[in-house]
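Student: From first to last, the protein sequence lines stand for chains P and G.
Quick note, our numbering runs 94 ahead of the 1-based positions in the first sequence.
Quick note, our numbering runs 864 ahead of the 1-based positions in the second sequence.
Please keep in mind that the hints were generated in silico from the structure rather than gathered at the bench.
In this text, a Cβ means the ideal position worked out from N, Cα and C, and glycines have one as well.
Where hints are given, some of them may not hold.
Below, computed lysine-lysine pairings styled on DSS-like, alpha-carbon distance capped at 30 Å [stated by the list, open to error]:
id	chain 1	residue 1	chain 2	residue 2
1	P	Lys99	G	Lys980
2	P	Lys99	P	Lys169
3	G	Lys940	P	Lys97
4	P	Lys133	G	Lys980
Ranges of calculated distance between the beta carbons of each label pair, as one might list FRET restraints [stated by the list, open to error]:
id	chain 1	residue 1	chain 2	residue 2	range
5	G	Asn988	P	Asp130	45 to 53 Å
6	P	Ala127	G	Asp983	45 to 53 Å
7	G	Asp869	P	Gly137	46 to 54 Å
Listed below are the residues making up each chain.
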Amino acid sequence: MNKPKLIYASALSATLTAVFVTVITIVAELNPALKDWLKNLSGHHWTSKSWLSIVFYILVLGVIYALARNVDARKVGVSLKLAIWSAVLGTIALLLFYTAHNFGWL
Amino acid sequence: MNLVDIITAKPVLIGIHLGFAILAIDAFLWLLGEMRRTPWQLRHLRLTAFIGVLAYAISWLAGGYYYVKFYGTLVKPIIKASEAPWVHNIVMETKEHIFLFIIPLAVTAALIAWLKEEDWRALNIRRPSLILVGFVSGLGLLIGLMGFIISASARWGGGA
């Protein structure tokens, strides 16, 4: 097991998972058909998003680990920064979206 | 009343959700301190990282079960009918979704603790590693603050 490559794959997958959760949450709020599909998948839209996010994280981690070549120190550092920034921006995006949704701006 | 009934009772679920979240936040703060030490104590690093990930996972399961089983029918209507329905519309909606960021970030932070110290230093990732570990704790604290607002709003809305 190449540990730096595993950290790199996990960090990039965490980045894409944050993007996935943010996008599917906002799109589902604006698209009742998608929210209904998420509800029907497990009985509750949040449960479906929880399972999908974990499956997505594991699958993407595996794919990146299998495909990544020449993972050096710089790439590992950048992947960690991306993971942090994706969660920061995802948090801000969801907070702003739900604020706008609450006040009827969207 | 069997063990499952006890564990899935509302106050016990809240206690597990909150208690393990506090344990996870503390574990990652401890991990932050361990990472700053020289030389690394690998056993301490790995134990705190493992406890942190496991505690966040348990908190997620307990909080998720409570949210799906009880929140929508018992708590949400009180908040929505109160003078602060925005607490559900903004705070709860944001909280329940940003929680989903935590496990992948916590696992990534924990994987760093499985490096040898010389490999970690050779990768030159000290700064992003410390920020990530601190962020995993900080996001947990933010979610805890949101939980306090939701809980206070439910009590206020219910007249208690």
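Student: All the hints need checking, so say for each whether the structure fits it.
Tutor: Cross-check of the supplied hints:
1. Lys99(P) - Lys980(G): Distance of about 14 Å is within 30 Å: holds.
2. Lys99(P) - Lys169(P): holds, 9 Å
3. Lys940(G) - Lys97(P): violated, 44 Å
4. Lys133(P) - Lys980(G): violated, 44 Å
5. Asn988(G) - Asp130(P): 45 to 53 Å: Because 48 Å falls inside the window, the suggested range holds.
6. Ala127(P) - Asp983(G): 45 to 53 Å: For Asp983(G) against Ala127(P), whose Cβ atoms are near 48 Å apart, the range 45 to 53 Å holds.
7. Asp869(G) - Gly137(P): 46 to 54 Å: violated, 21 Å
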